[in-house]
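Chains A and B, in that order, give the protein sequences.
Residue numbering for the first sequence is 1 to 258, as defined by full-length UniProt numbering.
Residue numbering for the second sequence is 1 to 258, as defined by full-length UniProt numbering.
Think of the hints as simulated: they come from the structure by calculation, not from any bench.
Predicted, not measured: the structure shown is a model, and the values here were computed from it.
C-beta: ideal position from N, C-alpha, C; glycine also.
A few of these clues could be false.
As the list claims (entries may be wrong) - Label-pair restraints from in silico Cβ distances:
no.: 1; chain 1: B; residue 1: 7; chain 2: A; residue 2: 120; range: 14 to 24 angstroms
no.: 2; chain 1: A; residue 1: 16; chain 2: B; residue 2: 155; range: 55 to 65 angstroms
no.: 3; chain 1: A; residue 1: 25; chain 2: B; residue 2: 99; range: 51 to 61 angstroms
no.: 4; chain 1: B; residue 1: 82; chain 2: A; residue 2: 172; range: 30 to 40 angstroms
no.: 5; chain 1: A; residue 1: 120; chain 2: B; residue 2: 158; range: 51 to 61 angstroms
no.: 6; chain 1: B; residue 1: 122; chain 2: A; residue 2: 125; range: 42 to 52 angstroms
no.: 7; chain 1: B; residue 1: 203; chain 2: A; residue 2: 146; range: 42 to 52 angstroms
no.: 8; chain 1: A; residue 1: 120; chain 2: B; residue 2: 155; range: 50 to 60 angstroms
no.: 9; chain 1: B; residue 1: 139; chain 2: A; residue 2: 126; range: 38 to 48 angstroms
no.: 10; chain 1: A; residue 1: 122; chain 2: B; residue 2: 12; range: 22 to 32 angstroms
no.: 11; chain 1: B; residue 1: 47; chain 2: A; residue 2: 19; range: 27 to 37 angstroms
no.: 12; chain 1: B; residue 1: 109; chain 2: A; residue 2: 24; range: 47 to 57 angstroms
no.: 13; chain 1: B; residue 1: 12; chain 2: A; residue 2: 85; range: 48 to 58 angstroms
Claimed, not checked - To be clear about the criterion: a stretch of chain A counts as covered by chain B if any three or more of its residues have a C-beta under 8 angstroms from a C-beta of chain B, and this derived list gives those stretches:
no.: 14; stretch: 31-45
no.: 15; stretch: 48-57
no.: 16; stretch: 136-144
no.: 17; stretch: 197-206
To be verified - Over the 12 angstroms line for every Cβ pair with chain A, so calculated as not near, a few chain B residues:
no.: 18; residue: 11
no.: 19; residue: 50
no.: 20; residue: 65
no.: 21; residue: 86
no.: 22; residue: 87
no.: 23; residue: 138
no.: 24; residue: 146
no.: 25; residue: 173
no.: 26; residue: 186
no.: 27; residue: 189
no.: 28; residue: 220
no.: 29; residue: 229
2 protein chains.
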Amino acid sequence: MSVTTLHRPTHRDALEALSAAFERGEMVTVFGRCTVEYDGRAASSLGAGDRLLILKPDGTALVHTDEQRTPVNWQPPGSEHRVAVRDGRLRVRSERESPAETLDVRFERVHQLSALPVTGGRAVDVHGSEEDLRQRILQNPDLVEPGFEPAATERETAAGPVDVFGHDDEGRPVVVELKRRRVGPDAAGQLGRYVEALDREVPDGAEVRGMLVAPSVTDRARELLAEKGLSFVSLAPAAADDGGVAGAASTASDADEA
Amino acid sequence: MSVTTLHRPTHRDALEALSAAFERGEMVTVFGRCTVEYDGRAASSLGAGDRLLILKPDGTALVHTDEQRTPVNWQPPGSEHRVAVRDGRLRVRSERESPAETLDVRFERVHQLSALPVTGGRAVDVHGSEEDLRQRILQNPDLVEPGFEPAATERETAAGPVDVFGHDDEGRPVVVELKRRRVGPDAAGQLGRYVEALDREVPDGAEVRGMLVAPSVTDRARELLAEKGLSFVSLAPAAADDGGVAGAASTASDADEA
DNA sequence: GGATGCATTTCGATA
DNA sequence: TATCGAAGTGCATCC
Numbered sequence: 001m002s003v004t005t006l007h008r009p010t011h012r013d014a015l016e017a018l019s020a021a022f023e024r025g026e027m028v029t030v031f032g033r034c035t036v037e038y039d040g041r042a043a044s045s046l047g048a049g050d051r052l053l054i055l056k057p058d059g060t061a062l063v064h065t066d067e068q069r070t071p072v073n074w075q076p077p078g079s080e081h082r083v084a085v086r087d088g089r090l091r092v093r094s095e096r097e098s099p100a101e102t103l104d105v106r107f108e109r110v111h112q113l114s115a116l117p118v119t120g121g122r123a124v125d126v127h128g129s130e131e132d133l134r135q136r137i138l139q140n141p142d143l144v145e146p147g148f149e150p151a152a153t154e155r156e157t158a159a160g161p162v163d164v165f166g167h168d169d170e171g172r173p174v175v176v177e178l179k180r181r182r183v184g185p186d187a188a189g190q191l192g193r194y195v196e197a198l199d200r201e202v203p204d205g206a207e208v209r210g211m212l213v214a215p216s217v218t219d220r221a222r223e224l225l226a227e228k229g230l231s232f233v234s235l236a237p238a239a240a241d242d243g244g245v246a247g248a249a250s251t252a253s254d255a256d257e258a
Numbered sequence: 001m002s003v004t005t006l007h008r009p010t011h012r013d014a015l016e017a018l019s020a021a022f023e024r025g026e027m028v029t030v031f032g033r034c035t036v037e038y039d040g041r042a043a044s045s046l047g048a049g050d051r052l053l054i055l056k057p058d059g060t061a062l063v064h065t066d067e068q069r070t071p072v073n074w075q076p077p078g079s080e081h082r083v084a085v086r087d088g089r090l091r092v093r094s095e096r097e098s099p100a101e102t103l104d105v106r107f108e109r110v111h112q113l114s115a116l117p118v119t120g121g122r123a124v125d126v127h128g129s130e131e132d133l134r135q136r137i138l139q140n141p142d143l144v145e146p147g148f149e150p151a152a153t154e155r156e157t158a159a160g161p162v163d164v165f166g167h168d169d170e171g172r173p174v175v176v177e178l179k180r181r182r183v184g185p186d187a188a189g190q191l192g193r194y195v196e197a198l199d200r201e202v203p204d205g206a207e208v209r210g211m212l213v214a215p216s217v218t219d220r221a222r223e224l225l226a227e228k229g230l231s232f233v234s235l236a237p238a239a240a241d242d243g244g245v246a247g248a249a250s251t252a253s254d255a256d257e258a
């Protein structure tokens, strides 16, 4: 089993090759001059030009130009690809329902078409996520604050699940919100919502404390935290020399870094 | 000028073809059995398997498997691609600074390599964005509320720029936050921050009203809006029969749709 | 299927 | 360059 490639195929030959590749569950690339129309959650139109179309067996469609990481047009997994020759053009239509959306790629000319038999692992191992930061804290709660004792993760509240819930050295309830990178105003708002929600749920008079744990904060976020009486702790998912991931660690309760 | 393709090239031939393609500013696809290592904002590792590597002349690198819309690994535009043969493997390294990150793709075997000369438009025309929603409201402010009079867009506040600022039929200041799709708690928080900020800036006693304009809201967002005394108006970027974009329009101040 | 929040989010606009 | 917010965000998870 190997790569099948057609150079400057007729539309009819391209159609047959595409159908055969779909049948075999292969990934397909089509490079050629085309227009692209999308209609669904929004609507878009793209004039003629040379682009690379990638069709995956899971229903994903990607249209790439020679710039940007993001495809200029696409269709999510779960869509259905169909091919036809109409008005002298090779039309590839990718469609899905719920939400209803359609991607139409019309090739005036196909420069190259390849069917790629893909095998092998897809599972990528990522380090330095928010989950790693949580593990780090559960292993060493003093990083949040001396005497901090975690009680639960993903604790449910009316405002949603709290990353880490616990108590400080005086027994006061503490809500910890984790972010793997520098945070803006949204994170401060999120933490505020959690604290407010728990303030109502916790019966006894003890006030709920809120702590944002992240590598750093923006000025505006810092102001918001101050207004709401929330704290910030500078901490990254992994120490710089502990996993190759950039980011310094510090436990000063009101220090951060640019 | 046309597509250059190599089938099962030697690593040395692949290296030469890649270098030549970079030189010519062409986009390149490499399909083969490889491992991938990433290190930068996070870190990741991917075992051996067949994948499609796309290298763009703007410095973008994408590694795609046969599933998902999102590449399994990537490097953003502005990175620099380099090629080498080491330890019997073809190594493609894509690197950038600020933030420092590196993507390493090591091919044990290259099934196919293509250099694609890309030309033509890249500008896609998208309809149904938040900007369209704003235009719709400026054209017909009554859609927000009878008597609403827009005064400024992107009005600056201490909490950031407000989508639309204006006054109601009684002269009270109104902050309008627009969303092109169904909104959750974050949008309610965002609007709340703007209203609070303006409440301080506006000197006279008139209380600032906040209105969230979107196709619909989630329950929790609705509760948050109620708590903060903010209103909701159901409105989509375009009427369903007005631009092919899904979404109904309605001006009921406290109605929405599932 | 909807809701919620993380993401190597990406991306553009702005100060 | 950093900040901020939009995006056809994508995506997993939990209900």
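How the hints compare with the structure:
no., hint, verdict
1, B:7 - A:120: 14 to 24 angstroms, "holds, 19 angstroms"
2, A:16 - B:155: 55 to 65 angstroms, "holds, 58 angstroms"
3, A:25 - B:99: 51 to 61 angstroms, "violated, 38 angstroms"
4, B:82 - A:172: 30 to 40 angstroms, "violated, 54 angstroms"
5, A:120 - B:158: 51 to 61 angstroms, "holds, 53 angstroms"
6, B:122 - A:125: 42 to 52 angstroms, "violated, 34 angstroms"
7, B:203 - A:146: 42 to 52 angstroms, "holds, 45 angstroms"
8, A:120 - B:155: 50 to 60 angstroms, "holds, 53 angstroms"
9, B:139 - A:126: 38 to 48 angstroms, "holds, 46 angstroms"
10, A:122 - B:12: 22 to 32 angstroms, "holds, 29 angstroms"
11, B:47 - A:19: 27 to 37 angstroms, "holds, 32 angstroms"
12, B:109 - A:24: 47 to 57 angstroms, "violated, 20 angstroms"
13, B:12 - A:85: 48 to 58 angstroms, "violated, 40 angstroms"
14, 31-45, "holds (count 10)"
15, 48-57, "holds (count 8)"
16, 136-144, "violated (count 0)"
17, 197-206, "violated (count 0)"
18, 11, "holds, 17 angstroms"
19, 50, "violated, 5 angstroms"
20, 65, "violated, 4 angstroms"
21, 86, "holds, 20 angstroms"
22, 87, "holds, 20 angstroms"
23, 138, "holds, 19 angstroms"
24, 146, "holds, 29 angstroms"
25, 173, "holds, 21 angstroms"
26, 186, "violated, 6 angstroms"
27, 189, "violated, 4 angstroms"
28, 220, "violated, 7 angstroms"
29, 229, "holds, 15 angstroms"
Comparing the model with each earlier hint shows violations of hints 3, 4, 6, 12, 13, 16, 17, 19, 20, 26, 27, 28; every other hint is respected.
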